[in-house]
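2 protein chains.
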Amino acid sequence: MRGVVMHTAGDVRVEERADPKIIEPTDAVIALAATCICGSDLWPYRGVEPADHQAMGHEYMGVVEEVGADVKTVKPGDFVVGSFVISDNTCEICQAGFQSKCVHAEFVAQIGTQAEKARIPHADGTLVKTPGTPDPELYPALLAASDVLGTGWFAAVAAEAGPGKTVAVVGDGAVGLMAILAAKQLGAERIIAMSRHPERQKLARYYGATDVVEERGEEGVAKIKELTSGLGAHSVVEAVGTQESFMQAVGATRGGGHLGYVGVNYDVKIPGIELFFAGIHTLGGPAPVRRFLPDLIDRIWSGEIDPGKVFDLTLPLEEAPEGYRAMDERRATKVLLTL
Amino acid sequence: MRGVVMHTAGDVRVEERADPKIIEPTDAVIALAATCICGSDLWPYRGVEPADHQAMGHEYMGVVEEVGADVKTVKPGDFVVGSFVISDNTCEICQAGFQSKCVHAEFVAQIGTQAEKARIPHADGTLVKTPGTPDPELYPALLAASDVLGTGWFAAVAAEAGPGKTVAVVGDGAVGLMAILAAKQLGAERIIAMSRHPERQKLARYYGATDVVEERGEEGVAKIKELTSGLGAHSVVEAVGTQESFMQAVGATRGGGHLGYVGVNYDVKIPGIELFFAGIHTLGGPAPVRRFLPDLIDRIWSGEIDPGKVFDLTLPLEEAPEGYRAMDERRATKVLLTL
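Keeping their order, the protein sequence lines are chains W and G.
So the first sequence is numbered by my numbering: it starts at 2 and just counts up by one.
So the second sequence is numbered by my numbering: it starts at 2 and just counts up by one.
Derived from the structure by calculation, the hints contain no laboratory data.
None of the values given here were measured: they were computed from a predicted structure.
Possibly wrong hints are sitting among the right ones.
Stated by the list, open to error - In silico BS3-like pairs for lysine-lysine, Cα to Cα no more than 30 Å straight-line:
#1 G:76 to W:270
#2 W:224 to G:270
#3 W:226 to G:185
Claimed, not checked - Sample of chain G residues with no beta-carbon within 12 Å of chain W, all distances over it, derived:
#4 53
#5 64
#6 117
#7 231
#8 256
#9 257
#10 339
We treat Cβ as the ideally placed atom computed from N, Cα and C, and that holds for glycine.
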């Protein structure tokens with residue numbers, strides 16, 4: 002089959018990879034209907050993380066081709082969306098809603114779903130069947146659920162966005178935009194997008210932002226305080242992952258408020274004393290997308306939400322290298338790859 | 002009046018200080034019935050924080066002598082216990098239960114309650130009246146409520162200790178011991194004290210610890226995992242505040258679990274990526290003791306809890322310098338000063 006392989010930083014190629022096969026009785030093999038490039042794929046692309054002939058991709062959806070003997074909830078022909086982390090969905094951690102920390106957790110990034118097919122371990126605990134075979138126009142929205150929507154949603158839930166709350170979202174990338182969508186769906190009263198890009202500000206407002214703050218760092222914090230009677234936001238989502246953005250998010254959260262964060266760079270060092278005197282709740286980590294998938298698929302299927310607009314470039318899988326370039330050069334927020 | 006003043010690191014004296022007076026109409030002046038030395042008083046004593054002729058002490062209880070014109074809930078003659086942070090208890094942050102982040106928050110450490118008297122601002126929002134004048138045998142327990150009990154209690158609440166939960170407590174100082182007491186009261190199923198001192202292990206078991214782990218750092222984490230089917234504790238309290246103990250606490254918390262922390266040294270730097278991949282909730286900061294004070298006083302008054310045992314040395318105020326030495330040399334866990 003054809004698949005994306007990163008030979009080394011900046012060198013992405015589409016080439017022949019071995020067809021996946023069922024190995025464990027809990028596996029499924031799916032034929033991808035679409036896949037995409039994640040902001041986190043830029044880390045190895047930019048040399049921030051090592052890359053050595055690595056199969057790429059962790060977002061996916063498609064049609065089940067084959068299942069192992071123990072798979073019960075999906076069968077060949079079913080259309081499925083899966084989380085970017087494998088989970089059994091039965092262990093104590095999964096049952097508590099933290100499937101990304103499942104005792105059988107495994108990152109799909111190790112599998113590489115920017116490809117025609119993929120083997121998905123623990124299919125019953127990882128994949129969720131859609132109500133039917135979707136129209137291709139639903140592909141972007143459903144694919145977003147696999148990571149960016151699920152991650153933004155988790156961030157908003159972690160920040161306890163809800164009725165009566167003021168939510169500040171640091172970052173206007175795909176995840177930040179999805180956190181805005183989620184905060185809106187969760188009933189937040191006011192949603193402040195921290196964004197400097199006119200196009201993304203527009204999308205932020207489309208998804209539910211009521212205010213836009215362009216300032217960053219301490220100025221950004223001061224602006225959030227100004228908008229919240231000096232107190233700070235009840236709920237803050239950190240969706241950038243740098244030292245500056247993380248501390249901006251800490252500073253923007255009111256005492257006793259909630260900070261949800263869904264990605265940090267390897268060099269972020271949080272000064273303990275600043276976090277301490279902030280007096281805030283935090284929850285972060287790879288998002289337990291599987292917890293939210295059934296609900297998110299329902300909301301997409303019913304037309305209640307349209308997360309697909311985060312994709313602003315669509316290319317065939319064979320042109321994945323151009324997709325990486327476009328995202329690296331910030332010509333695109335998020336690239337969908339068709340099959 | 003007589004009061005404790007730290008001239009410089011290691012140089013603590015009891016000397017004459019000006020008698021406090023009502024300044025604001027929301028003030029009260031109290032005559033201390035007892036006060037004590039906190040582990041955090043050792044920071045300036047050891048030169049970790051600056052000290053320059055600083056009045057010391059932030060734990061207190063006693064009899065109201067005089068109140069300002071606007072004070073409504075306490076009157077001269079009332080016996081009161083107060084939090085180590087001043088709060089109005091009416092602002093939005095206080096109403097959300099985070100009185101230590103009150104818009105009028107002020108650290109009582111700036112006032113110095115190791116003295117015969119003290120002016121307490123925002124008396125209505127800071128002080129809580131006891132049901133009557135306590136017997137002196139209740140003094141240690143009530144005084145503990147002013148900080149160490151309230152702080153340990155907050156840590157256990159922040160860690161979401163409760164029925165069915167396994168709680169690990171990192172640190173066997175006064176706050177750690179109080180967190181054990183709190184976890185027990187909150188109904189935790191299993192309470193693991195991380196302690197190396199035989200005397201404190203004994204007290205930990207007295208307050209409710211079901212297990213003791215002597216290992217620290219990665220070995221300590223491995224031991225907690227071993228005791229929890231490889232998952233980690235649901236709830237972890239960090240009550241030491243060093244880099245090692247903080248990361249031990251992070252490592253001991255299961256994915257999706259809760260870490261409560263109530264003190265960190267100035268040099269603690271939390272690696273963002275480790276916190277991220279831990280996938281845990283955290284809540285920390287100066288404890289909003291005022292939230293818990295009415296309940297804690299009730300529990301002490303009814304004999305339900307006896308936090309007073311954390312004091313293992315009692316000295317008259319005039320001998321405060323010996324109290325500092327005893328704590329610095331670890332001859333005492335916590336020193337009560339009588340008046």
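Structure-based check of each hint:
Proposed proximity of residue 76 of chain G and residue 270 of chain W is contradicted: the alpha carbons are some 49 Å apart, above 30 Å. Using a Cα cut-off of 30 Å, the hinted pair residue 224 of chain W and residue 270 of chain G holds, with the two alpha carbons roughly 27 Å apart. For the given pair, residue 226 of chain W sits about 39 Å from residue 185 of chain G by alpha-carbon distance, which is inconsistent with the 30 Å threshold. Even its closest Cβ contact with chain W, about 20 Å, leaves residue 53 of chain G beyond 12 Å, as expected for a residue assigned away from the interface.
Distance check for residue 64 of chain G against chain W: the nearest CB is about 31 Å away, which clears 12 Å, and the non-interface claim stands. Listed as a non-interface residue, residue 117 of chain G keeps its Cβ farther than 12 Å from every Cβ of chain W; the least gap is roughly 31 Å. Non-interface call for residue 231 of chain G relative to chain W: violated, since the shortest CB-CB distance, roughly 7 Å, does not exceed 12 Å. A cut-off of 12 Å between C-beta atoms contradicts the statement that residue 256 of chain G is not in contact with chain W; the least separation is 2 Å.
The beta carbon of residue 257 of chain G is not kept farther than 12 Å from every beta carbon of chain W, the shortest such distance being approximately 3 Å. No Cβ of chain W comes within 12 Å of the Cβ of residue 339 of chain G; the nearest lies about 32 Å off, and the non-interface call holds.
Hints 1, 3, 7, 8 and 9 from the earlier list are contradicted by this structure; the remaining hints agree with it.
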